[in-house]
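Quick mapping for you: the protein sequence lines, in order, are chains L and B. Letter 26 of the first sequence, counting from 1, is numbered 26 in our numbering, and no numbers are missing. Letter 98 of the second sequence, counting from 1, is numbered 98 in our numbering, and no numbers are missing.
Derived by calculation from the structure, the hints in this document are not laboratory data. Where a beta carbon is used, it is the ideal one built from N, C-alpha and C, also for glycine. Check before you lean on any hint, since a few could be wrong.
As the list claims (entries may be wrong) - DSS-like cross-link-like pairs, simulated, lysine-lysine; straight-line CA separation at most 30 Å:
#1 B:K99 x B:K49
#2 L:K42 x L:K14
#3 B:K77 x L:K57
#4 B:K77 x B:K56
#5 B:K68 x B:K99
#6 B:K49 x B:K77
#7 B:K49 x L:K14
#8 L:K57 x L:K14
#9 B:K99 x B:K77
#10 L:K66 x L:K14
#11 B:K68 x B:K49
#12 B:K56 x B:K68
#13 L:K66 x B:K77
#14 B:K56 x L:K42
#15 B:K68 x L:K42
#16 L:K66 x B:K49
#17 B:K56 x B:K99
#18 L:K66 x L:K42
#19 B:K56 x L:K66
#20 L:K42 x B:K99
#21 L:K57 x L:K42
Claimed, not checked - Here are the in silico distance ranges between beta carbons for each label pair:
#22 B:N54 x L:I117: 34 to 42 Å
#23 B:G97 x L:Q64: 17 to 25 Å
#24 L:A2 x B:N22: 27 to 35 Å
#25 L:V52 x B:K56: 33 to 41 Å
#26 L:N73 x B:S14: 22 to 30 Å
#27 L:E65 x B:T52: 27 to 35 Å
#28 L:N83 x B:Q8: 45 to 53 Å
Unchecked claim - A few chain B residues that face chain L, going by a derived Cβ cut-off under 10 Å, partial list only:
#29 M7
#30 T28
#31 W29
#32 Y30
#33 F34
#34 Y36
#35 V50
#36 A53
#37 G57
#38 K68
#39 T101
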Amino acid sequence: GALVYQYPRRTICKSGTSMRMECQAVGFQATSVAWYRQSPQKTFELIALSTVNSAIKYEQNFTQEKFPISHPNLSFSSMTVLNAYLEDRGLYLCGARDQRQGNSDYTFGSGTRLLVI
Amino acid sequence: GDSVTQMQGQVTLSEDDFLFINCTYSTTWYPTLFWYVQYPGEGPQLLLKVTTANNKGISRGFEATYDKGTTSFHLQKASVQESDSAVYYCARSNSAGNKLTFGIGTRVLVRP
Chain L
1 GALVYQYPRR TICKSGTSMR MECQAVGFQA TSVAWYRQSP QKTFELIALS TVNSAIKYEQ
61 NFTQEKFPIS HPNLSFSSMT VLNAYLEDRG LYLCGARDQR QGNSDYTFGS GTRLLVI
Chain B
1 GDSVTQMQGQ VTLSEDDFLF INCTYSTTWY PTLFWYVQYP GEGPQLLLKV TTANNKGISR
61 GFEATYDKGT TSFHLQKASV QESDSAVYYC ARSNSAGNKL TFGIGTRVLV RP
């Protein structure tokens with residue numbers, strides 16, 4: 001079956017430092033990867049959508065300068081939180097799908113929980 | 001803009017109780033609608049989805065009907081079990097089908 005692994009599961013970084021998180025798709029080809037953030041007491045907010053061979057599209061309030069994303073092949077993506085501050089804490093989710101399969105849905109990883117101290 | 005409104009907070013039930021979670025959507029067209037379930041320490045998993053208005057989605061005893069008239073997609077289960085304790089999210093797709101917008105989530109606690 002389709003699985004998505006994210007690592008690390010949990011991380012702590014000092015305020016002002018950066019943190020890279022990774023996302024691995026297994027059992028299918030991840031032509032599209034969506035990165036979400038779930039801040040405390042909030043729902044999932046889409047950060048950006050990455051499609052292989054296309055430009056990465058960031059949502060309002062999120063920028064490449066703050067959340068650079070790499071999607072180099074059909075099984076891997078990474079995102080970095082640059083200069084993390086308290087408001088960046090939360091659960092970062094990676095969802096992946098094969099958009100070439102007409103009715104495919106996103107498969108989500110378990111997330112990377114970021115604490116900022 | 002397009003959104004999903006879901007009852008928030010926590011629902012506490014006993015085993016074999018009836019579960020109902022409210023969800024409505026606002027839109028000028030008819031998106032695909034989803035219910036996701038998130039167990040502790042895991043990412044959200046697709047529970048069910050419905051692509052066509054006035055159809056019903058059924059999975060693992062849960063069901064939700066895409067009601068075009070009331071723009072609702074309420075989740076129901078006739079008899080819950082302790083293992084159903086989780087957070088449930090209503091979600092909708094965008095017109096291109098490549099983005100999901102989630103509701104606030106409803107925590108369900110089922111006591112044995």
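Checked hints:
Of the supplied pair hints, the one linking B:K99 and B:K49 holds, its CA atoms being roughly 14 Å apart against a limit of 30 Å. Straight-line distance between C-alpha atoms of L:K42 and L:K14 comes to about 23 Å, which keeps the hinted pair within the 30 Å bound. Taking the CA atoms of B:K77 and L:K57, the gap is about 38 Å. The hint is violated against a cut of 30 Å. A distance of roughly 13 Å separates the Cα atoms of B:K77 and B:K56; the hinted pair therefore holds under the 30 Å criterion.
Only pairs whose Cα atoms come within 30 Å are accepted, and B:K68 paired with B:K99 is accepted, the gap being roughly 21 Å. Annotation: proposed proximity of B:K49 to B:K77 holds, straight-line Cα distance about 15 Å (limit 30 Å). Pair hint B:K49 plus L:K14 does not hold up; C-alpha atoms about 40 Å apart against a cutoff of 30 Å. With a CA separation close to 28 Å, the supplied pair L:K57 and L:K14 stays within the 30 Å bound.
With a CA separation close to 27 Å, the supplied pair B:K99 and B:K77 stays within the 30 Å bound. This hinted pair checks out: L:K66 and L:K14 have alpha carbons roughly 16 Å apart, not beyond 30 Å. Restraint check for B:K68 and B:K49: satisfied, since their Cα atoms lie roughly 15 Å apart, inside the 30 Å limit. With a CA separation close to 12 Å, the supplied pair B:K56 and B:K68 stays within the 30 Å bound.
The suggested pairing of L:K66 with B:K77 is violated, with an alpha-carbon distance near 42 Å, which exceeds 30 Å. For the given pair, B:K56 sits about 28 Å from L:K42 by alpha-carbon distance, which is consistent with the 30 Å threshold. With a C-alpha separation of about 27 Å, the suggested pair B:K68 and L:K42 falls inside the 30 Å cut-off, and the hint holds. For a cut-off of 30 Å, the pair hint linking L:K66 to B:K49 is broken: about 33 Å separates their Cα positions.
Between B:K56 and B:K99, the direct Cα distance comes to roughly 22 Å. Compliance with the 30 Å bound is thereby established for this hinted pair. With a C-alpha separation of about 20 Å, the suggested pairing of L:K66 with L:K42 holds against the 30 Å cut-off. Distance restraint check for B:K56 and L:K66: the Cα-Cα separation of roughly 41 Å exceeds the 30 Å cut-off, and the hinted pair is therefore not satisfied. Using a Cα cut-off of 30 Å, the hinted pair L:K42 and B:K99 holds, with the two alpha carbons roughly 18 Å apart.
For the hint linking L:K57 to L:K42, the alpha-carbon distance of about 22 Å falls within 30 Å, and the restraint holds. Judged by the Cβ atoms, the range 34 to 42 Å given for B:N54 and L:I117 is violated: they are separated by roughly 51 Å. With their beta carbons about 24 Å apart, B:G97 and L:Q64 fall inside the hinted range of 17 to 25 Å. For the hinted restraint 27 to 35 Å between L:A2 and B:N22, the CB-CB distance of approximately 30 Å keeps it satisfied.
Under the hint 33 to 41 Å, the C-beta atoms of L:V52 and B:K56, about 35 Å apart, fit the expected range. A beta carbon spacing of about 49 Å between L:N73 and B:S14 contradicts the range 22 to 30 Å that was offered as a hint. At about 41 Å, the beta-carbon gap between L:E65 and B:T52 misses the expected band of 27 to 35 Å. Against the hinted window of 45 to 53 Å, the Cβ-Cβ separation of L:N83 and B:Q8 comes to about 31 Å, which falls outside the hint.
The restraint placing B:M7 at the interface with chain L is violated, with a minimum CB-CB distance near 13 Å, outside the 10 Å limit. Annotation: B:T28 was flagged as interfacial toward chain L, and the flag is violated, the nearest CB pair being 20 Å apart, outside 10 Å. For B:W29, the shortest C-beta to C-beta distance to chain L is roughly 18 Å, which exceeds 10 Å, and the interface hint is violated. With a cut of 10 Å, the hint placing B:Y30 at the interface with chain L is violated, because the nearest CB-to-CB distance is about 16 Å.
A hinted interface residue such as B:F34 counts as satisfied when its beta carbon comes closer than 10 Å to some beta carbon of chain L; here the least separation is about 8 Å, so the hint holds. Annotation: interface hint on B:Y36 holds; nearest CB of chain L at approximately 8 Å, less than 10 Å. At about 12 Å, the closest approach between the beta carbon of B:V50 and any beta carbon in chain L exceeds 10 Å, and the interface hint on this residue is violated. Residue-level restraint check for B:A53 is violated (minimum Cβ-Cβ distance to chain L is 17 Å; threshold 10 Å).
The interface hint given for B:G57 is violated, since its Cβ lies 12 Å from the closest Cβ of chain L, which is over the 10 Å cut-off. Hint status for B:K68 relative to chain L: violated, with the closest Cβ pair at about 21 Å, above 10 Å. The interface hint given for B:T101 is met, as the beta carbon of that residue sits about 8 Å from the closest beta carbon of chain L, less than 10 Å.
When the structure is compared with the earlier hints, violations turn up for hints 3, 7, 13, 16, 19, 22, 26, 27, 28, 29, 30, 31, 32, 35, 36, 37, 38 and for no others.
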